[in-house]
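Following the hints, complete the assembly by docking chain X with the ligands onto the known chain B.
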Amino acid sequence: MRALRWHGKHDIRCDNHVPDPTIEDGRDAIIKVSSCAICGSDLHLYDGFMPGMQHGDIVGHEFMGEVMEVGKDNKKLKVGDRVVVPFTIVCGECDQCRRGNFSVCERTNRNKDIADKVFGHTTAGLYGYTHLTGGYAGGQAEYVRVPYADVGPVVIPDGLTDDQVLFLGDILPTGWQAAAQCDIQPTDTVAIWGAGPVGQFAIRSAVLMGAEQVICIDNVPERLSMARAGGAITINFDEESVIHRLQELTRGKGPEKCIDAVGMESHAARSIDSMYDRAKQALFMETDRPHVLREMIYVCRPAGILSIPGVYGGLLDKIPFGAAMNKGLTFRMGQTHVNRWTDDLLNRIQDGQIDPTFVITHKVSLEEGPDMYKVFREKHDGCIKVVLKP
Amino acid sequence: MHTPRLEYQDYRVNHDARKLARSLGWFSIGLGLAELLMPGKLARAVGMEDNEGLIRLYGLREIGTGVGLLMTDNPEPWVYGRVVGDSLDLATLGVGMQRGDNPVGAAIAATAVAGVTVLDLACARGLGEEHHPVTLYDYSDRSGFPEPPERMRGRAAYGSIDRLPQVHGADAADRETETRH
Ligand SMILES: NC(=O)c1ccc[n+]([C@@H]2O[C@H](COP(=O)([O-])OP(=O)(O)OC[C@H]3O[C@@H](n4cnc5c(N)ncnc54)[C@H](O)[C@@H]3O)[C@@H](O)[C@H]2O)c1
Ligand SMILES: [Zn+2]
Ligand SMILES: [Zn+2]
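In order, the protein sequence lines correspond to chains B and X.
Each step along the first sequence adds one to the number in the working numbering, with nothing skipped, and position 108 is 108.
Each step along the second sequence adds one to the number in the working numbering, with nothing skipped, and position 27 is 1027.
Isolated chain B (complex conformation):
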């Protein structure tokens, strides 16, 4: 089959003679991928920020398709079912799954020992996302083996297109959970850093959950225009000071709720208003990574909530933890517990309350995938979300 494989930093190729996956366990299923997407999380692999990738790993964790084959113990799926596959692999039986904490399933990470060592405890297995989370082959391919396929996959009813439901596997629930974690009250201002696909869905979710004011911060004009379309007030961090604008919009009190939809590759603002910032820029320290986190801690209203869907990998430097502690901030974060939200969100899509297709800007073949990584990363050609058709 054809599949996109990681061959090193900035080197993802569409390879032609990749062996087809086969059923390895009675609960497995093999899916023929009809649509898959490139995610901001894939960029962390592309840019070489995540440890634990190996030469030749198949990437991709946002995919859907038709069931081609099911294992003998799988009572949930039948050949021909159309399913969206959540990016977190869940067993459905361990203590965490039984509590609904799906992204920290205790059993699906095949490389549990490494994860235990690195993080203290294992987290769920993920598709196409490093050997720290199981080294499972990803979904930017013609076929994928779906382990524990009697639990995770969401069967899609007739009458919905791929584009409408594809994002149920990751970014829609991720934006939704980001907002849900904010316990939004009708008087809240919710500030969202990052107007990528995750930020876009977080905006829509915060609006639906009733935030009085939703503010979105980024520096890419077309992403900001899409943010405004969804009901956000926008701040371009290249043009104005984020802290000042946020203070202004909240009469000096700061937003009650802050969402980091950027993660470990954040850029620092280019609008420079102090000698200190200029010195940092001159020393190439302006890109030290946890920039957004620092800004959120600083600007968030005391007793507020920071919700962090943005992905981080290892250790972070210079987090103003004193400020966070003394301000009494609550941090909520994690890979998304996708299966917590899929039933509800599928209903909302069917009801027409939200139409996730609005983020799609590019739809191309799998062969064009490697080029699209570049386009998406550089935000060329108005790119916000890429869907690939194997």
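Think of the hints as simulated: they come from the structure by calculation, not from any bench.
Among the hints, a few may not be true.
[Unchecked claim] Below, computed lysine-lysine pairings styled on DSS-like, alpha-carbon distance capped at 27 Å:
#, chain 1, residue 1, chain 2, residue 2
1, B, K363, B, K32
2, B, K327, B, K32
3, B, K318, X, K1019
4, B, K327, B, K253
5, B, K374, X, K1041
6, B, K9, B, K374
7, B, K379, X, K1041
8, X, K1019, B, K9
9, B, K327, B, K374
10, B, K9, B, K363
11, B, K379, B, K389
12, B, K78, B, K389
Leaving out everything else, chain X with the ligands in the frame of chain B:
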């Protein structure tokens, strides 16, 4: 998918070129300090021992350009400043190659300068691209909502994460037993 995409023209900052400009700034300062602090050594290396004063002067020039590159919001003129400086250096080394005591040393230095000149020119070209308008897209029609956002506000308000429809706790356990048996 929403087609066609609305387009308009705008300008974009070339972050890579600006980063290169800052590296060149540091390079200028480093070279300038060397020229200022040990002109004798450099003069001997290129076989132009009578020209220590000139080398010091060039050092000052390099430091000035370097500081300028690091402090400015508009690095383009400073990068062109470096290109002019490069030609001056090359001309001087050319003289050294013809009339100096160490033509080989001068030639090696000229090759190094030529290498940096290539970088300077690339940087200038990159910064020049900032003047070319690029096509941007207008996504102001992509709300994802069936009605204006103002009308959608609060449609899913439950007041607390615990009351939002979701699968956890006993539900999660039950659902899995249901689907598996
Ligand atoms: N928790 C999860 O389960 C989960 C799921 C999907 C994605 N993610 C993560 O969410 C993050 C966003 O994903 P995406 O697909 O939207 O990626 P993306 O790269 O398209 O979006 C990131 C956006 O952040 C902007 N940005 C950079 N620096 C900024 C700053 N200082 N202030 C404000 N904005 C800034 C960029 O311009 C970009 O538009 C990534 O870290 C991704 O890994 C997490
Ligand atoms: Zn993703
Ligand atoms: Zn589990």
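Now for the hints, and whether the structure bears them out:
1. Between B:K363 and B:K32 the CA atoms are separated by roughly 18 Å; this keeps the pair inside 27 Å, and the hint holds.
2. Restraint check: the Cα-Cα separation between B:K327 and B:K32 comes to about 50 Å, which exceeds 27 Å; the hinted pair is violated.
3. Distance hint between B:K318 and X:K1019 is fulfilled; the C-alpha atoms sit about 23 Å from each other, no more than 27 Å.
4. About 12 Å separates the Cα atoms of B:K327 and B:K253, which keeps this hinted pair within 27 Å; it holds.
5. As the CA atoms of B:K374 and X:K1041 are separated by approximately 47 Å, the hinted pair breaks the 27 Å bound.
6. Simply put, B:K9 and B:K374 have alpha-carbon atoms about 12 Å apart, close enough for the 27 Å limit, and the pair holds.
7. With a CA separation close to 49 Å, the supplied pair B:K379 and X:K1041 exceeds the 27 Å bound.
8. Between X:K1019 and B:K9 the CA atoms are separated by roughly 20 Å; this keeps the pair inside 27 Å, and the hint holds.
9. Taken as a hint, the B:K327 and B:K374 pair is broken in the structure, with Cα atoms around 40 Å apart against an allowance of 27 Å.
10. With a C-alpha separation of about 24 Å, the suggested pair B:K9 and B:K363 falls inside the 27 Å cut-off, and the hint holds.
11. Of the pairs offered as hints, the one joining B:K379 and B:K389 holds, with about 20 Å between alpha carbons and a cut-off of 27 Å not exceeded.
12. Of the supplied pair hints, the one linking B:K78 and B:K389 holds, its CA atoms being roughly 23 Å apart against a limit of 27 Å.
When held up to the earlier numbered hints, the structure conflicts with 2, 5, 7, 9 and fits the remainder.
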